[in-house]
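A.B. asks: Read off the chains here:
Number of protein chains: 2
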Amino acid sequence: MTNRLLKALSISHPIIQAPMAGGITTAELVIAVSEAGGLGMIGAGYLEAESTRRQIQEIKAGTNKPFGINLFVPSPYKEEKDVIHRAQLSLKPFLEKLGSLSGENAFNSYEQTLEIFLEQVKVIIEEQVPVCSFTFGMPSSDVIHFLKQAGTYTIGTATTLSEALAIEAAGMDAVVLQGSEAGGHRGHFLAGVEQSMIGLMALIPQTVDQVNIPVIAAGGIMDRRGVQAAQCLGAQAAQLGTAFLTCTESGANTLHKQAILEGQQEDKTTLTKAFSGKAARGIENDFIRNMRKVEQELPEFPIQNTLTKPIRSAAAQNNDRNMMSLWCGQNPNLAEPITAKQLVHKLVDEE
Amino acid sequence: MTNRLLKALSISHPIIQAPMAGGITTAELVIAVSEAGGLGMIGAGYLEAESTRRQIQEIKAGTNKPFGINLFVPSPYKEEKDVIHRAQLSLKPFLEKLGSLSGENAFNSYEQTLEIFLEQVKVIIEEQVPVCSFTFGMPSSDVIHFLKQAGTYTIGTATTLSEALAIEAAGMDAVVLQGSEAGGHRGHFLAGVEQSMIGLMALIPQTVDQVNIPVIAAGGIMDRRGVQAAQCLGAQAAQLGTAFLTCTESGANTLHKQAILEGQQEDKTTLTKAFSGKAARGIENDFIRNMRKVEQELPEFPIQNTLTKPIRSAAAQNNDRNMMSLWCGQNPNLAEPITAKQLVHKLVDEE
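In the order they appear, the protein sequences are chains A and B.
All residue numbers for the first sequence refer to our numbering, where the first residue is 4 and numbers rise by one.
All residue numbers for the second sequence refer to our numbering, where the first residue is 4 and numbers rise by one.
Misleading hints may appear alongside valid ones.
What the hints assert, rightly or not - With a Cα cut of at most 20 Å, we get these calculated DMTMM-like pairs of lysine to aspartate or glutamate:
| # | chain 1 | residue 1 | chain 2 | residue 2 |
| --- | --- | --- | --- | --- |
| 1 | A | K349 | B | D212 |
| 2 | B | K271 | A | E197 |
| 3 | A | K271 | B | E197 |
| 4 | B | K296 | A | E300 |
| 5 | A | K296 | A | E171 |
| 6 | B | K95 | B | E298 |
| 7 | A | K271 | B | D212 |
| 8 | B | K296 | A | E298 |
| 9 | B | K81 | B | E252 |
| 10 | B | K260 | B | D85 |
FYI, nobody ran anything at the bench for these hints, they're computed from the structure.
Bear in mind the structure is a predicted one, so any value in this text is a computation, not a measurement.
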């Protein structure tokens, strides 16, 4: 099987390090993955334009190999005072427990979020980043057009066949299929969250049969067996998050790494909207359990994310993993505390 | 890789036809699968001892090849008058719409259900059925002991690593791993239903690393790509339900077959407890949608199953697929109306 994707990306191995947002994808991690022959990726979802540029330049200074970046596509949202007030009341006990002052929350408006997104796109074009992927929806046709014109390879994220078909129709170059196994935020944008929960074993073959652009499999893949299985099903590469999260170079909080590495239970991850207002898979803890009853009434993304930021920061400082977001896929048992280079080699070496 | 399972089962191909209960696994289907070199299986979950015996004898008359049978392990349940009454009220509009008299519902007690189960086990021992698998929990150590002594190969069904370890510890010979992709009833018995929803891509490798008995993968597998992917991940065989359901020899209702074969949407299946009181995956229809609001208050399995029986029967007679249970895995797009022999060959042929 010729691998169009590897050729187009100019990488040696069908391994993409998932662009995990929030400081996990340090320049060290991205450089190490790309140097090892995979594709390192910046999770730039929560960055502003200038920090995005800084990280891109840091990576360019560290490697000549291709790398990529991921952006969150903004969707319209409203700042609803009463919904926010109710959410603040439900979060108060956690802030008090952490000895943190609840303080004022400053929200970006949808228009501001969109402006930051477009500034990031401008930076990516100026810096000629080889690969740009998107989550939480599809960028406008203008954005796709300008990126492609600048030579950037564009990748969408789909959770269903319909979403993959929409990404192909929009003219993007490839599609990441996010299976229900995946850790972190769900990338659904046409399907509801329940309908987006399709396992890769079912999702990959039905999609590759109907979509002509290369398909990248993401979700629960942790070792060579998973990479090979994804290829059997028709994917041209595998994108791994949790497996890279516990690598030496990853910027994930030590408690986050420990929580994954200690796992001897396969059934400890769960979906929650409590941290950000958008469904994401992580290791269940007190915060998730206690917020369950109000979960359906929370403000939408990214409002709730802004509201919980002081809790997550204070929890990290207090070493309290019970109030941190511990994103994790469905296979933490196979995570290892190794270097990214070691991981890439383990993923592709022959027996 | 030596395949212990194929040797133990004396079958040629790593293909098991899932034991779908409720009249789908006709003797013709089971015989055709076993004759083609796979393992045909009777879904005996809803049968009584004598009908179980009749089907076994019919299959023995039609093939000398090995075949198997599946039983539902009964769990204690109670007949709660007020819960049942509320459920009857919520079902009344459907019965009226179908022009059916609501009539009286006769429930088997847990003790009667257990008695039927033990009579089935006795029949399986007397008839020397080569393989017996179990769903909805583990049989008692006595049942496992007597079956193994009679030379029957015993298989448990697990949805998590913990459940697979429990099945191994109980002394069963092999374990079916039911991924979240699977159609029909969930087989979880230690995990809650949410925690049982693990995709095969994550579930198989973490289980084969810790369990020594052979692992059989079930859920969303529809063609050779899925069989090979399951083997890459460490499974010794694949068990397919939906793919065999649309075969010529299957006893599934024609409307059920059509609903699967027409599917051009991958996101149309959903989990529901509305039909039986136990979570199961099927194609969403009016009954599932309308019952959603009372779903958490319904009587448990098999009480709710008894309550909805007149609805399902009348719906089948009226050709109304909106009130039938249309069990289906997450990959209906790959289903074909072919013979079981053709399907087995497609699943194992080299390119």
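A.B. asks: Next, verify each hint and record whether it holds.
C.D. replies: Hints versus structure:
Of the pairs offered as hints, the one joining A/K349 and B/D212 holds, with about 16 Å between alpha carbons and a cut-off of 20 Å not exceeded. With a C-alpha separation of about 10 Å, the suggested pair B/K271 and A/E197 falls inside the 20 Å cut-off, and the hint holds. For the suggested pair A/K271 and B/E197, the alpha carbons sit about 10 Å apart, so the restraint of at most 20 Å is met. For the hint pairing B/K296 with A/E300, the CA-to-CA distance comes to about 17 Å; that is within 20 Å, so the pair holds.
This hinted pair does not check out: A/K296 and A/E171 have alpha carbons roughly 38 Å apart, beyond 20 Å. Distance restraint check for B/K95 and B/E298: the Cα-Cα separation of roughly 15 Å lies within the 20 Å cut-off, and the hinted pair is therefore satisfied. About 18 Å separates the Cα atoms of A/K271 and B/D212, which keeps this hinted pair within 20 Å; it holds. Simply put, B/K296 and A/E298 have alpha-carbon atoms about 17 Å apart, close enough for the 20 Å limit, and the pair holds.
Taking the CA atoms of B/K81 and B/E252, the gap is about 37 Å. The hint is violated against a cut of 20 Å. In summary, the hint linking B/K260 to B/D85 is not supported, as the alpha carbons are separated by about 36 Å, beyond the 20 Å threshold.
Checked against the numbered hints above, the structure breaks hints 5, 9 and 10 and satisfies the rest.
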